[in-house]
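> Here's the letter readout for the chains.
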Amino acid sequence: MNMSLLQQLIIVLAAGVMFSSFAMLRQERLKTAIYTFALQGLFVAMVTALIAASNGLDHLYFSAILAFGLKVLLIPWMLHRQVRRLELDRHRESISHPALVIMAALGLVIFSYWLVLPLVQSEMQFTRNIVAVSLAVVLIGLLMMVARAQAVVQVLGFMSIENGLFLAAVSATSGLPLVVELGVAFDVLVAMVLFGVFFFQIRESIDSLNVDRLNRLTERTGDEL
Amino acid sequence: MSAWGFTLIQALLYLALAPLLAGWIQKVKARLQNRRGASIWQPYRNLFKLFAKEARMAHTASPVFRAAPYIVFAATWLAASAIPLLTTDLPTAAMADVIVIAGLLGLSRFFLALAGMDVGTAFGGMGASREVFISALAEPAMLMAVFTLAMTAHTTNLATAVGDLLVSAPFLRPSFLFALIAVVFVVIAETGRIPVDNPSTHLELTMIHEALILEYSGRQLALLEWAAQLKLLLFATLLVNVFLPWGTAQSIRPDVIGIAFVLFVVKIALLGIALAVSETLLAKMRIFRIPVFLNMALLMAFLGLMSHVILEVGA
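Residue numbers (my numbering), protein chains in the order written: chain C, 1 to 225; chain G, 1 to 315.
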């Protein structure tokens with residue numbers, strides 16, 4: 001393996017992105033999950049900046065700064081503020097079948113590796129290996145939205161899907177065009193604001209952010225009351 | 001001096017240094033808790049005192065109970081002698097790869113559990129069941145982490161693997177980071193340190209290792225204590241020499257060995273400080289939280305394996 005120190009660092013940070021996805025999936029405390037999301041954003045931003053440095057792609061620096069501002073500072077801050085206003089600071093969600101969920105996530109990592117294998121065999125720059133990681137992050141984000149019942153955590157899953165896509169764009173090609181990137185960033189921000197409104201709506205109507213309870217809104221029979 | 005002669009010296013060094021590490025950790029822990037603490041030579045004095053005392057035996061004890069301390073001690077020592085302490089030039093390493101070492105430690109644990117149940121006290125049985133419960137969960141994580149290393153070094157032989165790491169250029173490997181975390185978790189569980197077990201108390205409901213050896217006295221207790229200290233040093237050596245191998249000698253030239261010895265002592269001392277700090281900061285966890293803890297170790301080992309396959313191969 002002949003890689004420069006910079007490239008080795010990129011690989012390690014990419015592994016960190018994958019790890020933080022697992023940590024988020026398994027995290028019961030809401031606040032810690034938000035911090036883990038910020039950490040994942042930090043890893044993504046650092047990978048982007050280091051790829052910019054090692055490949056001499058100056059426009060990626062801008063992407064890195066955008067990712068840092070949005071994913072490490074702004075979105076975690078907004079989520080944190082909402083969690084505080086919903087008085088969920090100390091909330092702990094008990095995950096059903098945690099070991100099973102983690103095993104499913106490991107399966108997804110293997111699946112995404114298998115999926116990306118033909119891509120890896122074609123001639124590309126060294127970052128090609130990270131594509132599998134970013135695909136795994138996307139799939140684990142989806143799994144998080146399926147397996148977890150808490151609405152805030154589901155939003156974290158959604159946001160980490162965006163992280164995975166961003167990482168894939170940076171590692172497989174040399175980043176998205178600036179217009180697209182700004183558009184996506186703005187979309188995510190708007191989504192975040194909308195989610196915030198929805199949190200309050202859900203909370204208003206079912207008195208909890210556990211979306212599994214939405215099922216109970218169907219007709220109540222007399223003997224239940 | 002032949003390689004065999006040096007292997008013998010190294011094995012004796014394991015015996016000599018094991019109580020020192022235990023004493024060092026106790027001392028650092030005491031200082032962190034604002035106590036003066038016993039001298040770092042105290043474990044030697046304890047062993048000496050116990051060897052001089054008479055060994056009492058329960059009426060219900062069977063030959064298994066009598067033989068267990070010797071088997072436990074011998075198996076642990078044998079496992080230790082195959083792990084490179086100062087040099088990778090070990091003839092014993094050719095006979096015992098890492099799976100044999102895990103097997104030897106398993107053998108010693110098996111006899112310890114048998115001895116715990118043998119006398120028929122409630123504590124012994126409870127300790128045995130907990131010990132086996134923990135080690136059954138720790139073993140897969142340990143082997144998974146070892147396979148991660150084996151895939152990088154293309155061997156399960158520890159001495160060869162460490163030698164390979166020494167000659168290859170330093171490389172930041174994500175798989176090693178994950179494997180390191182997994183091994184640290186496993187070591188904490190296997191050697192019975194906080195947060196899994198508290199080695200310094202005899203609290204009835206929480207003790208694990210102490211419950212197993214409750215019925216022993218005299219030289220048999222000394223042997224079991226010594227074996228436990230040996231196991232701690234064995235795992236500590238495994239950690240520092242596999243993950244931070246720099247300084248380990250590859251021959252038995254006296255000057256190289258001297259440097260290796262100094263570096264080894266420094267590394268182990270730092271590890272002891274880290275262990276003492278973590279034991280001061282953490283509280284012991286409930287026994288049914290331990291599977292979560294060890295599942296995390298297994299997950300780390302799996303992630304190490306995956307990041308080796310995905311990120312490092314073909315890079």
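Hint data in this document are derived by calculation from the structure and do not stem from the laboratory.
Here a beta-carbon is modelled for each residue, glycine too, at the ideal position from N, C-alpha and C.
Accuracy of the hints is not assured; some may be wrong.
Said to hold, decoys possible - Heads up, incomplete: computed chain G residues facing chain C, CB under 7 Å, no partners named:
no., residue
1, Leu172
2, Pro174
3, Ile287
4, Leu299
5, Phe302
6, Leu305
7, Ser307
8, Ile310
Unchecked claim - Some chain C residues flagged as far from chain G (calculated, every beta-carbon gap over 10 Å):
no., residue
9, Thr32
10, Ala52
11, Pro98
12, Asn129
Unchecked claim - Quick list of the computed label-pair ranges, beta carbon to beta carbon:
no., chain 1, residue 1, chain 2, residue 2, range
13, G, Trp246, C, Ile110, 30 to 38 Å
14, C, Leu115, G, Arg289, 31 to 39 Å
15, C, Asp212, G, Thr201, 38 to 46 Å
16, G, Val313, C, Leu189, 32 to 40 Å
17, C, Pro177, G, Ser168, 39 to 47 Å
18, G, Ala67, C, Val146, 50 to 58 Å
19, C, Asp89, G, Thr121, 55 to 63 Å
20, C, Ile110, G, Gly5, 34 to 42 Å
21, C, Tyr61, G, Val292, 38 to 46 Å
22, G, Gly106, C, Gln121, 51 to 59 Å
> When the structure is checked against the list of hints, which entries are broken? Sort them ascending.
3, 6, 11, 12, 19, 20 and 22
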